[in-house]
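Let the hints inform the model, and build the full structure from the sequences given.
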Amino acid sequence: MEKYALFFDIDGTLVSFKTHQIPPSTILALTQAKANGHRVFIATGRPPVIITNLGAIHHLIDGYVTINGALCFIGDETVRCKAISQEEVRLVVSDAQEKNYGVIVIGEKDMAVLDPQGEVDRIFRQELAVENLSEAKPLDLVLGQRILQLTTFFTADYECELMARIPNSTSGRWHPAFTDITAKGADKGEGILAMAAHLGIDPQYTMAFGDGGNDTSMIRTAGVGVAMGNALESLKQEADHTTTSVDEDGILNALRHFGLV
1 MEKYALFFDI DGTLVSFKTH QIPPSTILAL TQAKANGHRV FIATGRPPVI ITNLGAIHHL
61 IDGYVTINGA LCFIGDETVR CKAISQEEVR LVVSDAQEKN YGVIVIGEKD MAVLDPQGEV
121 DRIFRQELAV ENLSEAKPLD LVLGQRILQL TTFFTADYEC ELMARIPNST SGRWHPAFTD
181 ITAKGADKGE GILAMAAHLG IDPQYTMAFG DGGNDTSMIR TAGVGVAMGN ALESLKQEAD
241 HTTTSVDEDG ILNALRHFGL V
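For what it's worth, my numbering labels the leading residue of the sequence shown as 1, then goes sequentially.
If you're looking for bench data, these hints aren't it; they were derived computationally from the structure.
No false leads were slipped in.
With a cut-off of at most 25 Å between alpha-carbon atoms, the simulated DMTMM-like pairs for lysine to aspartate or glutamate come out as follows:
1) Lys236 <-> Asp247
2) Lys99 <-> Asp121
3) Lys3 <-> Asp62
4) Lys184 <-> Glu159
5) Lys34 <-> Glu248
6) Lys109 <-> Glu87
7) Lys34 <-> Asp247
8) Lys184 <-> Glu87
9) Lys18 <-> Asp249
10) Lys184 <-> Glu161
11) Lys137 <-> Glu119
12) Lys184 <-> Asp110
13) Lys18 <-> Glu233
14) Lys109 <-> Asp121
15) Lys109 <-> Glu119
16) Lys109 <-> Asp62
17) Lys3 <-> Asp249
18) Lys34 <-> Glu2
19) Lys184 <-> Glu88
20) Lys137 <-> Glu88
21) Lys109 <-> Asp76
22) Lys34 <-> Asp249
23) Lys99 <-> Asp115
24) Lys99 <-> Glu161
Structure representation (structure tokens):
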């Protein structure tokens, strides 16, 4: 049996939106996959500082594609780090301040949170159970670092308007209320390719699992793309296989389907 590098989105894929926990069947599946010689990687839009919900599988994880591919690392080794241009960062932050919408500014080391309407707190802390928003630093301090992502809280319609003004950036929306803006070329698909190249893995032996719009690039790029049953219909159309939902043993069922466990 060929050994695969398995890349998993977090929210809605590994972690249930209903319980904010990793289902026991998923923990079992990843444990068995590791025992069978496959490698387990995270591929998330979250920056490392707010990856706080993977304790149950932390010991199984071989590496991380974070910030939608802008920052990839294995242990203390950085594999990839791609920043947004300073000019486009300033444009988005100024636009947020002028139009009074929320934005999370993700630097290389720290994050800042602008939350004039309370949307960031409501969605990230209450809805997504993000625990570390309190670790946010002052905006001026974070803007002194290279900025890897801007999570902006506005509609899809306004997203189209703003993105036309920042041509060197790209957007990955996985929630109706916000989108993640990164530098062009910083997406989960490119992150998978960077990790595979670094580790000498043939991309055809990569398998990606996701549910949201920001998972599209990795579902297209991986050797095998798997959409969760709770995924967007548009993502299911891109996938090689659609499994059941995160709350219906989706990861276990998919790995069994492909004979990896």
